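A.B. asks: Listed below are the residues making up each chain.
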Amino acid sequence: MSVSDAYAPSRRRWLQHSASLGLAWATVQASSAYAQKMESGELKTLAQMISPITQGAKLLQQDVSISAPVLADNGSLVQLGVHVQSPMTVQDHVTHLYLLSQRNPVTRMAVFHMGPWNGRAEINTRVRLAGTQAVVALARLSSGEFRYAQADIIVTESACVDAS
Amino acid sequence: MNTPLTHAGAERRHFLKVSSTATAGLSLGFFVPERANAAETPQLNVWVEIEANDIIIIRYARAEMGQGSMTSAPMIIAEELDADWKKVRVEYATAHENLRTKRAYGDMASVGSRTIRNSQEYLRKAGATAREMLVAAAAQQWGVPASECKASLNKVTHAASKRSLSYGQLAAAAAKLEAPKEVKLKDPKDWTIIGKPIPRIDIPDIVTGRIKYGIDTQLPGMLHAAVAACPVFNGKVKSMDASKVENRRGIVKVLNMGEFVAVVADNWWRAKEALREVSVDWDVGEHGTLSSAAIMTHFKAGMEQADLAVARNDGNAPEALGKAVKVIEADYFTPYLAHATMEPMVCTAWLQGDQLEVWSSTQNPEGTLAVSAATAGIPQANVKVHPVQLGGGLGRKSPQDFTRQAVMIAKAMAGKPVKMLWTREEEIQHGLYRPASLMRFKAGMDASGKVDALHIRVSAPSILATLLKLPLPKGIDGQAVASFNDHPYDIPNTLVDYAQRNTNVPVGFWRSVGHSQNPFGRECFIDELALAAGKDPVAFRLDMLPNNEKSKRDRSILEAVTKAAGWGSKLPAGVFRGVAETEGYGSWTACVCEVSVNAKNEVKIHRVVIGIDPGYAVNPDNIVAQFQGSVVHGLTAIFWGENTIKEGRVEQSNFHDYRMMRLNEMPKVEVVIAPTGGFWGGVGEPAQAPLAPALVNAISAAMGKRIRSLPLKNHGLSLVKA
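Just so you know, the sequences run in chain order E and V. Per the working numbering, the first sequence starts with residue 1, numbered consecutively. Per the working numbering, the second sequence starts with residue 1001, numbered consecutively.
Next comes chain E alone, as it looks inside the complex (with noise of 0.2 Å):
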């Protein structure tokens, strides 16, 4: 499957799951942060942030899972944690590890390099989220297949910024 292959089906469901936590995009994009006219305020696209890692590889949205909170009341501090479906062996493991901000900056908030001396491909972290946002748990295989999850997480709005 191509990337564009891929990005259709899993664009649709993202909507639909963006909508049932009333994540209608022009919502999202009438936040703060946006308002602000900051750069960040800008949503990728699922394409625009996983595209250039994958690089045409194998992409299936399966095998990884987000746990991380609905709601965060501010974006500073959010606990996130991914698991993947490995058996991290010789023949079979995760390599590389990847988050993905949909807003932030800086798309790619961290890299985990890893292995089969890691046992299991799990991480645990805190990530900074430049407001409510989908976050892309990324997974390259030691095949050279790709892996992903995401998960939409609110940033409340606590802000009496002008958003006018």
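If you're looking for bench data, these hints aren't it; they were derived computationally from the structure. Note that the structure is predicted; figures quoted are calculated from it, not measured. All C-beta atoms in this analysis are idealised placements derived from N, C-alpha and C, irrespective of residue type, glycine included. A few of these clues could be false.
[Claimed, not checked] SDA-like mimics (lysine to any residue), calculated; alpha carbons at most 25 Å apart, straight line:
{"hint": "1", "chain 1": "V", "residue 1": "1469", "chain 2": "E", "residue 2": "110"}
{"hint": "2", "chain 1": "E", "residue 1": "44", "chain 2": "V", "residue 2": "1475"}
{"hint": "3", "chain 1": "V", "residue 1": "1474", "chain 2": "E", "residue 2": "105"}
[To be verified] Which bits of chain V does chain E cover? Going by a derived footprint, with three or more residues having C-beta under 8 Å, they are:
{"hint": "4", "segment": "1489 to 1499"}
{"hint": "5", "segment": "1671 to 1677"}
Following the hints, put chain V in place on chain E, whose structure we already have.
C.D. replies: Relative to chain E, chain V alone:
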């Protein structure tokens, strides 16, 4: 009369509901409200529920802190629903229900004057959807086309056959229908509720004392906590000696929480009194010598800083200034301000096993939920955030530092409900202050007095970078340069640059935020330019407003307010006028003040005429109230508001040295509501913006001396008492 359904109200209604056997109702939406009984009441939608007795329950998903949105937002639903307002009851939606229903109620925070403007569309659709379903149910029952039926005042009528059914009679059948996907919203000219002055639904409960503020929370076996954080911001507890108070009557526990100390007792007064005698050795870190003078030096250095962030750069201001016939320059300064909400920070928390209940006076219920879960170390689904009325918010109660403290204490006292209440001193000395700001203005004019160049430089802390820790693209905090980066005037060469100068004083969102201070600088400096050009301040502004879509509203509100104030008419001897015009929070505002200043430097405010164009004026009565309140709040800050720093701490501590406006100082406020339609602007904050410059322009005219810093007490000025 409408009974607002506060927390107690909701419980009472719940009781009535479960004890009633005849309930048949309609609730529209995708998710089932938590307490609804699905067997009795088919539920479709989260916002509207109609009982068989024709009572309409409308849910309100934001906070109510006196801003009146708990009335205005339901009015919007009721409008499209063609409801009889007298039969509308309002209930809070809760943050935990929002979480459970995957945010069916959307954003819940009451910040940025955004409640109406950000929710009006989905609220109108919710009302219209309910109306369409009721009409469809009636049409089905009568076997007539829905297009022949008309909804009005809680009834659907079929004129040809002279039949009608009440919403209560139709609700059960309507609930079984599929919600229409597309609904047609009313033309604003057909509105019968929006635009009418409707009394706030919570007023009867407020004046009879029935309303439950966060501070009123009472639970069986509840303990009380008083807290003290390090007087120097971000300091920590080095050591604590509580031996003097530990065995006192009523004292349950003295807690060293690292960042603060808490005394937990059987009543709050005992806790608070004991806290004074807990001996704490604070580690103040490196900030124990910070002073207001040092902060001013820090800001002044910002003015000379080489690498400034550029917020706006039209033409070439430095070059145009070099060629100008006349250059005018002035520095303006505004101080740090604590919020001093009437109700200090208060939060009750009750941790039982891994379940947590919270009653917090919060502007941001979802933020409260997130902080509570994280602090208690439990899943978000295990937290309930009960809505309470806020005794004022003013922007202080959206960040959740105090909720975190309360949950930390509840965790230490697990099993017992604990109400944590700050003292006034704690509130004033541990604020999230409106940033102090130093602003430098430089303008160049040609020989005819036309302004050709404007350079505004701001040296101030960044709220977005320090409180929200948001990245600042190109180094710009939009709040620090608000009303400068978007000034409407036709000045071909405009440069706005910004030196981010943070200090150890924590800053936050104080009602109107950047618009509480920057318009003071901008609109006073425009007056200085008008004076230098020898022109009338109103004519000077109108001449500088370009003929474009945005500026036409600046123009129309300025014209509406100056007309109402009789600008240009003769004034009694010794009385002077001042004017200002601003845009903020999606609305346009202007103000005219008339003042005289006597030999004792006492200011008499003869008139305040202040107006707004909010696009659509949802509840004019509430707009008048918001503007009157904003003038009280604004005058307090303009005359006396100032937090100064000495040895790393805020010097002021209570109302004796952080003074409020008094009744006998308050002028009459004339509010001009001039909605031009076509947009939805905010109302809670914009009034602060034009008040300070209009007033100070009038005072400067009266004194023949330009005032460029606040508060006015520092210029020896006070208010005449009635």
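A.B. asks: Please verify whether residue 1469 of chain V and residue 110 of chain E have alpha carbons no more than 25 Å apart.
C.D. replies: Roughly 18 Å separates the two Cα atoms, so the pair holds.
A.B. asks: For residue 1474 of chain V and residue 105 of chain E, compute the direct alpha-carbon distance and say whether it is at most 25 Å.
C.D. replies: 11 Å, holds
A.B. asks: Are the Cα atoms of residue 44 of chain E and residue 1475 of chain V separated by 25 Å or less?
C.D. replies: 21 Å, holds
A.B. asks: Using a Cβ cutoff of 8 Å, are there at least 3 residues of the segment 1671 to 1677 of chain V near chain E, or does the coverage claim fail?
C.D. replies: It is violated, with 0 qualifying residues against the three required.
A.B. asks: Would you check chain E against the segment 1489 to 1499 of chain V, counting CB to CB pairs closer than 8 Å, and say if three or more residues qualify?
C.D. replies: violated (count 0)
The earlier numbered hints that this structure contradicts are 4, 5.
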